[in-house]
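Go ahead and model the full structure; you've got the sequences and the hints to work with.
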Amino acid sequence: MESIDRGQACHRRSRDAPTALSRRAVLATATTGLASFAPGATSMSDWAAIERAARGRPVFWNAWAGDDRINAFIAWSAERLRVSHDIAVRHVRLRDPTEALARLGAGKVGARASGSGIDLIWLNDPGLLSPGQRNLLCGLVPGGLPNAIRLAPAGGPGPMDGPGIPWHMARLVFVCDAARVPDPPRSMAAIGAWAAAHPGRLAHPHPRHVLGAAFLGQALCEFAPDPAALRHTVADFEAMTAPFWRWYAALQPMLWRRGTAFPETGSAQRALLRETEIDIMVSFNPGEASAAIASGLLPDTVRSFALDGGSIGHCSCNAIPSDAANKAPALVLANFLLSPEAQARAADPSLLGIPSVLAPDRLAPADRARFAALPPGRSMLSPAELGPALPQPHPSWMVRLVESFERHFPI
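The opening residue of the sequence shown carries number 10 in my numbering; numbering runs sequentially from there.
Keep in mind the hints are simulated off the structure, nothing from the lab.
Quantities reported herein were computed from a predicted structural model and do not represent experimental measurements.
Note that beta-carbon positions come from the ideal geometry of N, C-alpha and C, so glycine has one too.
A hint or two may mislead.
[Unchecked claim] Pairwise CB distance ranges (calculated):
(1) Arg189 with Ala277: 15 to 21 Å
(2) Ala248 with Glu273: 31 to 37 Å
(3) Glu286 with Pro385: 25 to 31 Å
(4) His417 with Ala381: 46 to 52 Å
(5) Pro191 with Glu286: 18 to 24 Å
(6) Arg377 with Asp309: 25 to 31 Å
(7) Pro385 with Arg416: 26 to 32 Å
In structure tokens, the structure reads:
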């Protein structure tokens with residue numbers, strides 16, 4: 010598999026609030042113009058035509074490359090597609106998916122043959138796309154992918170907002186070294202109190218990073234006078250966020266480096282935890298700690314923990330740009346990533362520990378057995394321990410929150 014490193018990625022913010030789309034709508038609505046995916050295909054039921062059109066072609070998958078285990082999973086997927094469909098998966102390595110969206114928006118996609126194409130984009134949180142960014146994508150991806158029948162229905166393990174094909178679930182959890190934090194805090198208020206008692210031992214990425222934004226979003230959900238209002242377009246921002254700003258103003262000087270710097274990525278946080286510079290970090294993967302322990306990246310005393318009232322989550326997806334040159338192989342790759350084989354491999358706590366988007370009751374017995382045979386993981390949380398999945402604040406709240414953060418705390 011060929012990989013292409015796009016180098017340093019800039020952090021960009023979505024300034025417009027998109028309209029939320031349920032996973033049910035994503036899976037039930039058909040995209041028009043299927044001939045653009047494969048010549049002669051009139052509907053997604055013509056899957057054989059799409060597979061024929063995909064054979065012998067490349068697909069440029071613009072995906073995050075900030076973790077060696079993710080890169081290894083992508084390389085494994087590429088080999089499987091090479092053998093099964095003669096598709097050449099090119100991993101365009103990104104530090105942030107917004108880099109690919111920025112290139113699309115700037116019209117810099119040309120010269121695909123030289124490796125600068127964008128056929129499939131891994132979107133961490135498609136619910137945060139602006140309307141302009143959505144217009145760059147194919148809209149609602151057809152629900153007729155063969156493996157889509159196994160997807161958890163709306164109201165399943167977490168929300169799915171945006172144009173794309175679901176890939177994996179994300180839930181906000183925290184990771185600590187139990188040898189140093191035997192009784193971790195179980196609310197954002199308690200995290201603030203713990204940080205005050207242990208200055209410099211807590212870190213989170215800058216809110217321009219999805220993990221940093223999630224940290225702020227979780228706190229906003231806890232401190233907002235009317236949490237239900239956060240599900241709608243932003244209104245009365247100052248009053249709704251005032252308790253949050255008071256909490257964060259007290260927290261900031263208690264953070265790592267007194268809140269004057271932030272770990273650049275989740276991997277950078279993990280390195281700080283490994284080197285004992287911090288004791289608690291934030292993660293969007295409940296299986297990250299187990300996978301890191303299995304890979305020797307964290308000591309076996311590290312544990313995940315969840316907040317008592319539940320935590321926010323979303324569904325990551327893969328999206329196809331409207332002007333992608335290789336839509337047929339992009340669809341075949343996205344469909345493969347929904348296969349029980351790929352989902353189980355990603356869910357393996359010794360590899361990635363990423364929660365699956367598949368519903369167990371929609372799997373064949375052999376595939377249910379495949380998931381049941383996965384090792385438990387040293388730090389995996391049970392569904393009861395993980396608690397309920399909370400809806401994220403409406404994207405308009407998150408955009409405004411991040412922008413206001415940079416005015417309150419310019420760094």
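Flag every earlier hint the structure violates by its number, smallest first.
Violated: hint 7 alone.
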